[in-house]
Amino acid sequence: MQGRTRHKSWLWALLLTFLSLQACVEPFELKTGTGKRSLVVSGMVTDQNQPELNKVTLSWTEPFDGETKKVLNEPVLGAKVTLQDNRGNSMQLTEGARGVYTLWEDNFRVEQGRVYSLSIRLPDGREYASRPELLRPAVPIQGIGYEFKEFINIVRNSAGVLIERRSMGFEVKAQVQDPTERGNYYRWDTEGVFEYFSNVGDQPIPSQCWANVGSVNTKAVAADDRLVNGRLFEQPVAVVPADIPTKYRIKIRQYSLTAEAYEFWRLLNQQQSSVGSIFDPPPARINGNVFSITNPEEQVVGYFNVSSFTEQFLMINRSTYAPFPGLPYELPIGDCRYLGLYPNVTVERPIGF
Amino acid sequence: MRRFYRIVLLSALVLLAGNLWAQSSDQLYLTVNYQNKPLQEVLHELEKQHGLRIFYQPEWVEQVRVTQTFEREPLPNALRQLLEKAQLSFVFYDSQTVLLVPLSAAGLFQIDTASTGAVAGIAGIGRTVTLSGNVRNAKTGEPFIGATVLLEEAQKGIVADERGFYTLTVPTGDYTLRIRAVGMTEDKRRVRLQQSKTMNVELFEVSNQLREVQVSAKAPDHNVESLEMGVARLSIQEVKKMPMFMGEVDVVRSVIALPGVTTVGEGASGFNVRGGSIDQNLVLQDQAPLFSSSHLFGFFSVFNPNMVKDVTLFRGGIPARYGGRISSVLDVELKEGNKKVPILSGGIGLLSSRLMVEGPLVKDKASFVIGGRGAYPGLVLRYMPDKSIRDSDGYFYDFNAKVGYMLSDKDQFVASGYLSRDGFRFGADTTYTWGTATGTVQWNHTFSDKLFSTVTGVVGDYDYGVRAETVPSDFSLDSDIRYKLLQAHFSYEPSVQHKIGLGASSSWYNFNPGVLSPSSEQSSLLAISMPRERSLESALYLDHEYAFSPRVSVAYGLRYSAYFNLGPGDVYVYNPEVPRRESTIIDTLNYANGGLIQQYNYLEPRASVRVSLGKNSSVKLGYNRMAQYIHLISNTTAASPVDIWKTSNPYLKPQIGDQIALGFFRNIQDNSIEFSAEAYYKKLHNLVEYKDGAQLLLNSTLDADLLPGDGKAYGLELMMRRRGKKLTGWASYTYSRSLRRVDGPTPEEKINNGNYFPSNFDKPHDLTLVLNQQLSRLVSFSANFTYSTGRPITYPESVAIIDGLLMVNYSERNQHRIPDYHRLDLALVIDGTNKRNANWVSSWAFSIYNAYGRQNPYSVFFKASYGGTVPQAYRLSVIGSAVPAITYNFKITK
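Protein sequence lines, in the order shown, are assigned to chains V and H.
Numbering-wise, my numbering puts 108 at position 108 of the first sequence, and it's gapless, one number per residue.
Count along the second sequence from 1, add 1000, and you get the number used in my numbering.
Calculated directly from the structure, the hints in this document are not laboratory data.
On a predicted model such as this, the values are computed, not experimentally measured, just so you know.
Think of the CB as a built atom: it goes at the ideal place given N, C-alpha and C, for glycine as much as any other residue.
Please note that a few of the clues may not be correct.
[As the list claims (entries may be wrong)] Computed cross-link-like contacts, DSS-like style, restricted to lysine-lysine with a CA-CA straight-line distance of at most 25 angstroms: (1) H:Lys-1691 with V:Lys-219; (2) H:Lys-1891 with H:Lys-1309; (3) H:Lys-1410 with H:Lys-1365; (4) H:Lys-1750 with H:Lys-1712; (5) H:Lys-1750 with V:Lys-36; (6) H:Lys-1499 with H:Lys-1450.
[Unchecked claim] Just so you have them, the derived chain H footprint on chain V, three or more residues with Cβ under 8 angstroms: (7) 218 to 228; (8) 232 to 241.
[What the hints assert, rightly or not] If you anchor each label on the Cβ, the simulated ranges turn out as follows: (9) H:Phe-1781 with V:Glu-26: 27 to 35 angstroms; (10) H:Ser-1353 with V:Glu-26: 56 to 64 angstroms; (11) H:Val-1471 with V:Glu-26: 33 to 41 angstroms; (12) V:Glu-105 with H:Pro-1576: 25 to 33 angstroms; (13) V:Pro-296 with H:Tyr-1591: 39 to 47 angstroms; (14) H:Gln-1815 with V:Glu-298: 13 to 21 angstroms; (15) V:Glu-26 with H:Ala-1562: 47 to 55 angstroms; (16) H:Tyr-1591 with V:Glu-297: 43 to 51 angstroms; (17) V:Ile-293 with H:Gly-1804: 26 to 34 angstroms; (18) V:Thr-320 with H:Gly-1804: 28 to 36 angstroms; (19) H:Tyr-1591 with V:Met-315: 54 to 62 angstroms; (20) V:Ile-293 with H:Gln-1815: 45 to 53 angstroms; (21) H:Gly-1595 with V:Gln-50: 50 to 58 angstroms.
All chains, please: the whole structure from these sequences, using the hints.
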């Protein structure tokens, strides 16, 4: 049900295509930057003491500029970021590289059922705070599964013609038993770790490595129980690529959300799914839960989440589905640690492999 | 016999184009000897030998034989002698064309051969008489609505009403009666009025029926002379002339070419009139309101062009008998079946085909017509390379049927039915369906020359839904609207100066906003059923048209509407201190079956004044207020046919529209060029707007997601039309604005900080040219050009990274515009024959939509490219190239 509008939009796009009207979608250079930058707050704290999850990233918005293809959003350095709960406890987040502020193990005192808010003070004195968020318990994941399937996307090729692009992949889904009471909200993210080999000949260097690519989500994934209250339901979360025939460990984390946080993620998903059709809601600003204390008119982008989570992982033995369409897979040559093909490489066998 | 005479007379008038004159032919002399020769043969011989064309009814000369000898006798003298025996007279149209006229009818005919002017009526002293009667289509026997009936010398005219009835009160005397109607040859006759008289007139289609272009208008000077403002009429002949999209003659598309009417873009359903939303248009098909006017999402309209008789759009000056919507009324009337002969007609197009059968049930009394149309987009889909499109399938069909029966001279009964269905399956999984079924019965009764009544009953059903089949997210979601409508209308015309309309109507609505049901045991979806909404909308109205003097006339009316939202139902009570949300519900009120949940009532005044400025121009001023109690709930740019409708309740207040308009109308060159300028200002209240990101489907607290808005719209519409010549059409330019404002008490209930912002269809400049050039008797060429400012859009302002994903931060709503829209369409229509009595008439229509292949952007949207890291803006054009099409139409008469 969540995807119906999206379906409708695609349907509409297809309708144009079948009418052979060559509905045309062209990239177009748009520069609308106002030069005014807003603070972006992205992050969360969870009820588990894992510093890699309990962190907040602060950056500045960049003007929308299709021309320069600028990717980097300038980080906010030197801010003072504090987490407070409704019992008067205060926890300091410590600045790390590139505007990432982490709640380290020693400061961690986060519990379910409490209400948390974040306060931020920039070096220039401007102050910001998040609206209080309740840390709700997470509903456990019932199970995770995957399906090897073909994905068809209609894309425009370099000659400007709409073509059908087929690719294979493993769609990973979470199964959830929704509790009987209403008002449960979910968000999912993933972590992908896979094994790979290199051709080292007779050299005494490692040829088996593992890479951690972090989240493989390409979109925000969130759901509510409005239409599935009390039922067992399945939520596609991400797609594991079918590129090399090795083992892939996919972890799904299922987070609890407040109703307000769910709205934020739902709208972000809607924005990411928009195809500009007449059945898309007109784009609108997505409001978050952070506001400026110094100047109430100032816009702050992003959301500070407070969640509990449960996780499960699944091992996909991709070799049983190989060979995959496309070029035959050939082992890269050299020390698998220094190939430069994948991020976060290790030779230490991760759990599950 | 009288009728035959008229056939001749009328055929003469076709050729004469108004002015009848007689001329003796000096060049021709006869030297011949006839011995008991049939007159018919004689006439035939004359035609052959002297290159004459002689028009008459064969019955007139049957069994008449002549014995005559002529010696260099001038042709007129010879004819006079030859025809004497047959009691016939004659008229020369030109030196080669002779019309025979029965002497019995010549008294009425009274052609003054000496002067070309009309004979002045001899006014009786003090006494007035009434001339009344019916105007009918001679071929089909249907009443002719909107025919102009004019008594020339008295300078009095009237437009025949819905039953083709006319009545005129004048001093006794001799008059020239002229009756004109769109696409029909003019009937002109002399009448002597010494006492009140009934005169029924049958009009004939112009012989070259597919060729006749009359842009609209009831009478040549109707736009100047009537009290109407903001009203446009299109005859179906005219609609058929306009270039078509995919070869489909489309009523709604031609309405969009009128000034003051816009659309958000191609493929969008509905249309926007003078800054109003699409649900503010009352779309009537044979008096039955339609809730969706589109097929295939919004590409085609639901009206079967073969069945349509004429189309009237009221965008201002809406008469008091219409109500329930605040922007406009689109009244589409279907034709009645031919009362004389059976006819089969149809057309074959690339996307759909049509077939229609009509004919008499009881000759001259009762007739039927059945028409159907079916589309086969699936045929095209099958050849698509994409598998998911190949698996898709779509269809639409519609059926219309209408029966008319003249119970007596005073009573007429009409029943009409409509059924349409649309379906579109996306891939193998999701199917969208929607359909309409309506039935109308109407009884017209004439009490006297001055008092008529019409009673109409309508039953309608519009259902729409979505179905998905993939387990475990299989479901069906169904919604429907059922309504019943009963209406009685009386019109009373005590004298030429007064026209009074009085009536009452009542509609019962039963809306189902959505029932979600899982389709299988494995489905993870819940069964959810939104409560039905029931309401009753009743109205009483009275209007009066009064001509103070030939220079000044007024019309005023009052409509009183009352609305009752009825139980059973639960109404949530929200905490009034804070914005409405699910969490701010403080109580729930239960209403029993039939319990009154909420009542609204409004007085809706309407008024207009016309002041004539000389013979050919006038100034008009009008005001009207309208109330609307049912609303389309859609927060997408263009509404889809499966969007829900909602009735007013304690939170969702009726929409109110006030409009004031001023117009100047002038006709020049014998009414062949009409010029009009209309300015309007509108205020709209309680418009339905949405909180950002509102969820509309299956939302039990939908009232909390809706925001009441205000709107204002103003504009100037300039239009020039040319009619009755080889080059016809119109040029119009409109400057208009349409603004909205949502200014609630809290930031959550405001849009753009409570300031006015342009609506989605605010297009300030709009220029339209619609031209039709008759190239020859059989070939016509037409072209449409349209230019408008791009619609408002919300642009991305900046980008941010959230959780590793790109998020776009948008500007305030509708602060930018997409590039301007312009398009040229061309069409060539070739007729197979122009003979009036041909049994088989066919035509070919070739058209090119968007001839120069302009890629008009529909929207600008953003997507992350390069693996989701770089924002990229895209421009979507719905139609990116020229779209050619071909259609074949035929008409077979028995």
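These are the hints, each one checked on the structure:
no. : hint                                          : verdict
1   : H:Lys-1691 with V:Lys-219                     : holds (23 angstroms)
2   : H:Lys-1891 with H:Lys-1309                    : holds (16 angstroms)
3   : H:Lys-1410 with H:Lys-1365                    : holds (12 angstroms)
4   : H:Lys-1750 with H:Lys-1712                    : holds (17 angstroms)
5   : H:Lys-1750 with V:Lys-36                      : holds (23 angstroms)
6   : H:Lys-1499 with H:Lys-1450                    : holds (9 angstroms)
7   : 218 to 228                                    : holds (count 6)
8   : 232 to 241                                    : holds (count 3)
9   : H:Phe-1781 with V:Glu-26: 27 to 35 angstroms  : holds (33 angstroms)
10  : H:Ser-1353 with V:Glu-26: 56 to 64 angstroms  : violated (35 angstroms)
11  : H:Val-1471 with V:Glu-26: 33 to 41 angstroms  : holds (38 angstroms)
12  : V:Glu-105 with H:Pro-1576: 25 to 33 angstroms : violated (48 angstroms)
13  : V:Pro-296 with H:Tyr-1591: 39 to 47 angstroms : holds (42 angstroms)
14  : H:Gln-1815 with V:Glu-298: 13 to 21 angstroms : holds (19 angstroms)
15  : V:Glu-26 with H:Ala-1562: 47 to 55 angstroms  : holds (53 angstroms)
16  : H:Tyr-1591 with V:Glu-297: 43 to 51 angstroms : holds (44 angstroms)
17  : V:Ile-293 with H:Gly-1804: 26 to 34 angstroms : holds (28 angstroms)
18  : V:Thr-320 with H:Gly-1804: 28 to 36 angstroms : holds (30 angstroms)
19  : H:Tyr-1591 with V:Met-315: 54 to 62 angstroms : holds (57 angstroms)
20  : V:Ile-293 with H:Gln-1815: 45 to 53 angstroms : violated (28 angstroms)
21  : H:Gly-1595 with V:Gln-50: 50 to 58 angstroms  : holds (57 angstroms)
Going down the numbered hints, you'll see the structure goes against 10, 12, 20, while the others check out.
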